[in-house]
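Chains as they are written, first to last, in our numbering: chain C, 1 to 113; chain R, 1001 to 1113.
The reader is advised that the hints may include incorrect statements.
Stated by the list, open to error - Which residues of chain R face chain C? A few of them, derived with a C-beta cut under 7 Å, are:
| # | residue |
| --- | --- |
| 1 | S1043 |
| 2 | L1044 |
| 3 | G1105 |
| 4 | P1106 |
| 5 | G1107 |
Claimed, not checked - When the alpha-carbon atoms are kept at most 25 Å apart in a straight line, the in silico SDA-like pairs for lysine to any residue are as follows:
| # | chain 1 | residue 1 | chain 2 | residue 2 |
| --- | --- | --- | --- | --- |
| 6 | R | K1041 | C | F62 |
| 7 | C | K42 | R | E1059 |
| 8 | R | K1041 | C | V111 |
| 9 | C | K5 | C | E26 |
| 10 | C | K5 | R | Q1042 |
| 11 | R | K1014 | R | N1070 |
| 12 | C | K100 | R | G1001 |
| 13 | C | K42 | R | R1109 |
| 14 | R | K1041 | C | S10 |
| 15 | C | K100 | R | E1022 |
| 16 | C | K42 | R | L1076 |
| 17 | C | K42 | R | A1002 |
| 18 | C | K100 | R | K1066 |
| 19 | C | K42 | R | Q1038 |
| 20 | R | K1041 | C | G41 |
| 21 | R | K1041 | C | A45 |
| 22 | R | K1064 | C | I102 |
| 23 | C | K58 | R | Y1099 |
| 24 | C | K42 | R | F1067 |
| 25 | C | K42 | R | V1011 |
| 26 | R | K1041 | C | I20 |
| 27 | C | K15 | C | D79 |
| 28 | C | K58 | C | Y99 |
| 29 | C | K71 | R | S1043 |
| 30 | C | K42 | R | P1040 |
| 31 | R | K1064 | R | V1019 |
| 32 | C | K100 | R | S1073 |
Hints in this document: simulated from the structure, not taken from any laboratory. In this text, a Cβ means the ideal position worked out from N, Cα and C, and glycines have one as well.
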Amino acid sequence: QQQVKQSPQSLIVQKGGISIINCAYENTAFDYFPWYQQFPGKGPALLIAIRPDVSEKKEGRFTISFNKSAKQFSLHIMDSQPGDSATYFCAASGGDSSYKLIFGSGTRLLVRP
Amino acid sequence: GAVVSQHPSWVICKSGTSVKIECRSLDFQATTMFWYRQFPKQSLMLMATSNEGSKATYEQGVEKDKFLINHASLTLSTLTVTSAHPEDSSFYICSVKIYNEQFFGPGTRLTVL
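When you get a sec, could you build the whole thing from the sequences and use the hints?
This is the structure we're talking about:
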């Protein structure tokens, strides 16, 4: 019940296209859903995060869509750029382990020029 | 977000030796820090939660006598890998909890020969 399932494992998108990464969770006590971006050899960087009281949050080209009833959330990267090529991790926290982040398995995004 | 540093950024050591990794929160005081381990092309796995002034809380399967954590101040946590072996070679990343969000350090690449 603590798992966060992420898909796809890898994604190739043309420059200017939309990248979509999906995550699903089981624990209804989760109340914080961040997305992290990680470049090779670097630590993850917080990209955007959402809480269950809203269904969508947008920051620049990055949008989180949240579906509480389906227990799913997704990251949309609009106008994808080669510089967006990285590994993206969704995560969730809340409930008994309030501050611990449960990470998805990651999505390796490649944006072709 | 918070700025987190780690030192060293990479270290190579011989099997059987101990290695200390430092994690510093540069612009916020952090009561809680986390230590993660990441193997190549895998997700982040939480090792332990480090609380200032008290003992660390280790995740199931993590040997507390092998991975010693000290959180002596609000800006510094250290992870010591004792009697390191080649299977301990990994990317070790710390994070700090600030206002219910986690900000990650750049990571430390440990290679045990």
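- Measuring from the C-beta of G1105 of chain R to each C-beta in chain C, is the shortest one below 7 Å? At about 5 Å, which falls below the 7 Å cut-off, the nearest Cβ of chain C leaves the hint on G1105 of chain R intact, so it holds.
**Asked** Holds or violated: K5 of chain C with Q1042 of chain R, Cα cutoff 25 Å?
**Response** holds (13 Å)
Does D79 of chain C lie within 25 Å of K15 of chain C when you go C-alpha to C-alpha?
Satisfied, since the Cα-Cα distance of roughly 7 Å is no more than 25 Å.
Does K1066 of chain R sit within 25 Å of K100 of chain C, going by the straight-line distance between their CA atoms? holds (22 Å)
| said: Can you confirm whether the C-alpha distance between K42 of chain C and R1109 of chain R stays at or below 25 Å? | reply: holds (10 Å)
inquiry  = Please verify whether K1014 of chain R and N1070 of chain R have alpha carbons no more than 25 Å apart.
reply    = Judged against 25 Å, a Cα distance of about 23 Å means the pair holds.
### Agreement of K42 of chain C and Q1038 of chain R with the hint, judged by alpha carbon distance not exceeding 25 Å
With Cα atoms ~11 Å apart, K42 of chain C and Q1038 of chain R stay inside 25 Å; holds.
Holds or violated: K100 of chain C and S1073 of chain R, Cα atoms, limit 25 Å.
holds (21 Å)
Proposed proximity, F62 of chain C with K1041 of chain R (alpha carbon, max 25 Å)
Measuring from Cα to Cα gives roughly 24 Å; hence the hint holds.
(message) Against the 25 Å threshold, does the CA-CA distance of K42 of chain C and L1076 of chain R hold or violate the hint?
(response) holds (20 Å)
Check: Under the criterion that the straight-line Cα-Cα distance not exceed 25 Å, is the pair K1064 of chain R, I102 of chain C satisfied?
Finding: holds (21 Å)
Are the Cα positions of K5 of chain C and E26 of chain C separated by 25 Å at most?
holds (9 Å)
Violated hints are absent here; each numbered hint is respected by the structure.
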